[in-house]
Amino acid sequence: AQRVTQPEKLLSVFKGAPVELKCNYSYSGSPELFWYVQYSRQRLQLLLRHISRESIKGFTADLNKGETSFHLKKPFAQEEDSAMYYCALFTGGGNKLTFGTGTQLKVEL
Amino acid sequence: KAGVTQTPRYLIKTRGQQVTLSCSPISGHRSVSWYQQTPGQGLQFLFEYFSETQRNKGNFPGRFSGRQFSNSRSEMNVSTLELGDSALYLCASSLEGDASYNEQFFGPGTRLTVL
Numbered sequence: 001a002q003r004v005t006q007p008e009k010l011l012s013v014f015k016g017a018p019v020e021l022k023c024n025y026s027y028s029g030s031p032e033l034f035w036y037v038q039y040s041r042q043r044l045q046l047l048l049r050h051i052s053r054e055s056i057k058g059f060t061a062d063l064n065k066g067e068t069s070f071h072l073k074k075p076f077a078q079e080e081d082s083a084m085y086y087c088a089l090f091t092g093g094g095n096k097l098t099f100g101t102g103t104q105l106k107v108e109l
Numbered sequence: 110k111a112g113v114t115q116t117p118r119y120l121i122k123t124r125g126q127q128v129t130l131s132c133s134p135i136s137g138h139r140s141v142s143w144y145q146q147t148p149g150q151g152l153q154f155l156f157e158y159f160s161e162t163q164r165n166k167g168n169f170p171g172r173f174s175g176r177q178f179s180n181s182r183s184e185m186n187v188s189t190l191e192l193g194d195s196a197l198y199l200c201a202s203s204l205e206g207d208a209s210y211n212e213q214f215f216g217p218g219t220r221l222t223v224l
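Protein chains in written order, with my numbering: chain A, 1 to 109; chain B, 110 to 224.
Just so you know, the hints here were simulated from the structure itself, not pulled from any lab data.
These figures come from a predicted structure and were not determined experimentally.
Check before you lean on any hint, since a few could be wrong.
[Unchecked claim] Short, incomplete list of chain A residues facing chain B, as computed with Cβ under 8 Å:
#1 ARG43
#2 LEU44
#3 GLN45
#4 GLY93
#5 ASN95
#6 LEU97
#7 PHE99
#8 THR101
#9 GLY102
[Stated by the list, open to error] Distance ranges between label pairs, derived from CB positions:
#10 LEU109(A) / GLU205(B): 42 to 52 Å
#11 GLN127(B) / GLY16(A): 23 to 33 Å
#12 SER55(A) / PRO170(B): 40 to 50 Å
#13 GLY149(B) / ARG53(A): 26 to 36 Å
#14 ARG139(B) / GLU79(A): 31 to 41 Å
#15 ARG43(A) / SER209(B): 20 to 30 Å
#16 PRO148(B) / ALA1(A): 20 to 30 Å
#17 GLY29(A) / THR147(B): 20 to 30 Å
#18 SER40(A) / TYR119(B): 11 to 21 Å
#19 THR162(B) / LYS73(A): 20 to 30 Å
No residue lacks a Cβ here, since even glycine has one placed at the ideal position from N, Cα and C.
Looking at chain A on its own, in the form it has when it is part of the complex (with noise of 0.2 Å):
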């Protein structure tokens, strides 16, 4: 069955540092993953999906297929990308999505 594993629950950086979000799925077939976020009081949204391969708000993903990861990069943290990041991952068929079970982003000045 597949699976998405998000290792941490919260992750604390300061303004302009780096920013990784890991996420690792579980599927033995061609996986699309994505990235949503929630910020505070707001909707789920989506980020970004590997196949786009797009820069969204300077947020980068590489899925990579050999350690099933699909990690959520930013060079330099803002303080409005505090936000709930949620990995999701699509394996054919309609709309179902697997989503990890999140990443507390919080940026500190």
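Assemble the complex: chain A is given as a structure, and chain B must be docked to it using the hints.
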């Protein structure tokens, strides 16, 4: 365009009761998915409806059911409520097709508390 709306936003029920939650997708969206969000388990997929048919189902007991109407609005029902059903229930809508191509837009959720 108006976003996904969910009603009610808050609900308090007692054990053994049943509850119905409603979700109105973004206009033109035909897929509606439901997720349960709890602090311990995170987001867990319940089911997805597309064109009034259940297209996907998660690993939840039969007490959890849903349906979709011809206008794409969806309802989910939980019967014989248990304390463990206390959670935030999120609805997400998307266009035709699957998650490979279409972004899912989430609603604000319905906070269900079972006493």
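Please name the hints from earlier in the document that this structure breaks, with their numbers sorted from lowest to highest.
Numbers 11 and 19, in rising order.
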